[in-house]
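Enquirer: So the chains spell out like this:
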Amino acid sequence: MDIPAAHTKSWPRRLWEFGCSLKLAIVLASLATLLIMGGSLVMHFNPGVFGGMDRQTMGVWLPWAWQQSPHLVWWVPLSGICLALLGVNTLCCLIDWILTFTRRWRKTGEYLIHTGFILLVIAYLWGSLAGYRSGPHAIFPGERLDIPKMPGLVLHLEEFAPRFSAQGQPLDMVNRVALWQNDQLIARTELRINHPLLYDGLVILPTSLGQALTGFRFHLPPRGFVNLEAGSRLELDNGTILSIDKLLADARQTSSGGIIPLSDRLGNPAMQVTLLAPSGRSWQGWYFLRGRPPAAMVDAGALLQPIEPIFRTYSLLTVNRDPAGKLALIGSLCLSIGVVLAFFSFYRKRSRGDRPEV
Amino acid sequence: MFKNLLVVLFGVYLAATFGYLVHTLWRRPVIARLSLLLVGAGVMLQTALLAHRWWAAGYLPVTNLFATLFFFSWSLALIYLYFELRYRIRATGLFVMLLNLALLGGALPRNTAVSPLIPALDTPLFSLHIIFSFVGYAFFAMAFSIGALYLCQVRLQTDLLPDLATLRRINEEAIFLGFGLFTLCMVAGSLWAHIAWGHWFSWNIKSVWSILVWIFYAGMCHAKFVRRWQGSVYAWLSIAGFGIVIFTYLGIGLLLESNHPLE
Ligand code: HEM
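Chains as they are written, first to last, in numbering that gives the first Met the number 0: chain G, 0 to 357; chain A, 0 to 262.
Looking at chain G on its own, in the form it has when it is part of the complex (with noise of 0.2 Å):
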């Protein structure tokens, strides 16, 4: 009697086979396209919750997400796991087809498209899990930033100048920068948009800038212009010596008196003021500056009237370091490589009637 082929098989073998199935392969890329294509919508409409997935990893991202609203992410785990699969359902294929396949080489741009993109999945992967993200970080020229979990090694901002167009828009954003490992320069490069720094996975990018107030510009009768700024110390005619302890460019304050500081952005500024007259007499208080200068600093001559503020522009700069970025790049380039081959073997495989069906 006649025992039927797929019975007499041992299971490693039949195993074997459904991962190098074909059919396996398009169940799988259809169950991720419906997940994906619902889930995107949900995506749309809960910025909340996704709208910081690309400030994350992915490694970083789900956990929090998962946390949040289990119910609006689970298709993103689901998905991913779809995905994983289909690349390792490919890499069994791959395997199987490099092993029977006779005359290979006429193949070679088939399997570098699906080699590539195996090695993509596999780098998405390991940078969800390896990498990071962070910033904006807010930089002022001159100043340093150590690099997120690579000790010793240390950005320094030399000098930063914005472009502008003719309405004011930012243009783009020269970063001079240099990079420090152990006192020791690895690179000194100048970032742009589109031309970060790319040293052992880590992405250097400038995002943008900001403005932070450092002081005012002053009139004070008779005088003329001053500039104070927090720690500025100013002899008046008098001989009381004026410093400056704190500057807040928007603070409030409370009905007990305490002053509380509101955000960076100027709003209500007020400055911590010391007097210290000759006679070795003190006085501290705060002056905000939407109002009148308090009777002390009128009484010692300080009637300072605001002119306008002193900003000092810094650089916003994103570190993101990525181990897999490397092997991302190889996985594109097998896929774009693949693709030209394939596309002669396609013509080829059509005259000579090479066509797997199933």
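No lab work stands behind these hints: they were computed from the structure. Glycine included, each C-beta is placed from N, C-alpha and C at the ideal position. Check each hint, because a few of them may be wrong.
[Stated by the list, open to error] A few chain A residues that face chain G, going by a derived Cβ cut-off under 10 Å, partial list only:
#1 117
#2 124
#3 126
#4 130
#5 218
[What the hints assert, rightly or not] From chain G, some residues computed to sit far from chain A (all C-beta separations above 12 Å):
#6 10
#7 12
#8 22
#9 29
#10 67
#11 178
#12 186
#13 249
#14 321
#15 335
#16 342
#17 345
#18 346
Given chain G, work out where chain A with the ligand should sit, using these hints.
Expert: Below, chain A with the ligand without anything else, positioned relative to chain G:
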């Protein structure tokens, strides 16, 4: 001047489409040949217009809806010519040119001005991303047309259209070439995202749907090996695939908001 030439171009394609219609209804091969000539003339004019805009702007001007519709229409007309000259696909031209008219008609009332290139788009990766994307889309549009005509041919069995086997072959070819070019578009886009945002895949809705387009057509490259799917199922899948393409290209921009740099 450009707007006038655009109207002339539309007129040329309209006349070609009308010629194909006449041929379909009354079988006049001479008129079909004349229509093909008109499409050829239209493609030449459109190529010249595109080249002039490119030269004048100093970069491939595909940064707004007018420009992408114009580029899409040019790619589709060019691809139609390729298939027509290679396979003599005859009355198929009517369907493809109607689609082309819809694209160009959508572009006509829009602002044709070329805006200065912002630094974020000032990279060859951007041009490659766009060129591969729209030529890929045009192949998918071609596959959609052939798929629809395949279903017509199943019912009509007319000699106005190529036989089912030829339609199937053309459909498979369009999908394979479209997938290949769209793969190159995705690679260029990922490289660009890496240097522009610091990560090579972004979870914005346009990128997510582009991945869907890619997976869908990768699946289509294999679906042709499934014997039971080789006829009408494959044709229906080509139509569905183009639905995904249109949603990715137009639907997201018109119905939803996206932070993709080209929105
Ligand atoms: C997303 C992942 C995949 C991509 C992008 C992909 C892409 C491709 C492409 C472009 C072709 C060439 C088609 C042609 O010549 O007409 C192809 C062929 C093929 N693929 Fe895939 N594929 C993927 C996954 C898979 C999987 C999972 C399997 C196995 C189950 C598989 C098995 C095959 C086979 C058997 C061929 C035919 C090769 C031949 O001509 O002999 N592929 N694939």
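Enquirer: Each hint: holds or not?
Expert: Results of checking the hints against the structure:
{"no.": "1", "hint": "117", "in the structure": "holds (7 Å)"}
{"no.": "2", "hint": "124", "in the structure": "holds (8 Å)"}
{"no.": "3", "hint": "126", "in the structure": "violated (13 Å)"}
{"no.": "4", "hint": "130", "in the structure": "violated (14 Å)"}
{"no.": "5", "hint": "218", "in the structure": "holds (5 Å)"}
{"no.": "6", "hint": "10", "in the structure": "holds (25 Å)"}
{"no.": "7", "hint": "12", "in the structure": "holds (22 Å)"}
{"no.": "8", "hint": "22", "in the structure": "violated (8 Å)"}
{"no.": "9", "hint": "29", "in the structure": "violated (7 Å)"}
{"no.": "10", "hint": "67", "in the structure": "holds (16 Å)"}
{"no.": "11", "hint": "178", "in the structure": "holds (15 Å)"}
{"no.": "12", "hint": "186", "in the structure": "holds (16 Å)"}
{"no.": "13", "hint": "249", "in the structure": "holds (29 Å)"}
{"no.": "14", "hint": "321", "in the structure": "violated (7 Å)"}
{"no.": "15", "hint": "335", "in the structure": "violated (5 Å)"}
{"no.": "16", "hint": "342", "in the structure": "violated (6 Å)"}
{"no.": "17", "hint": "345", "in the structure": "violated (6 Å)"}
{"no.": "18", "hint": "346", "in the structure": "violated (9 Å)"}
When each numbered hint is compared with the structure, violations occur for hints 3, 4, 8, 9, 14, 15, 16, 17 and 18.
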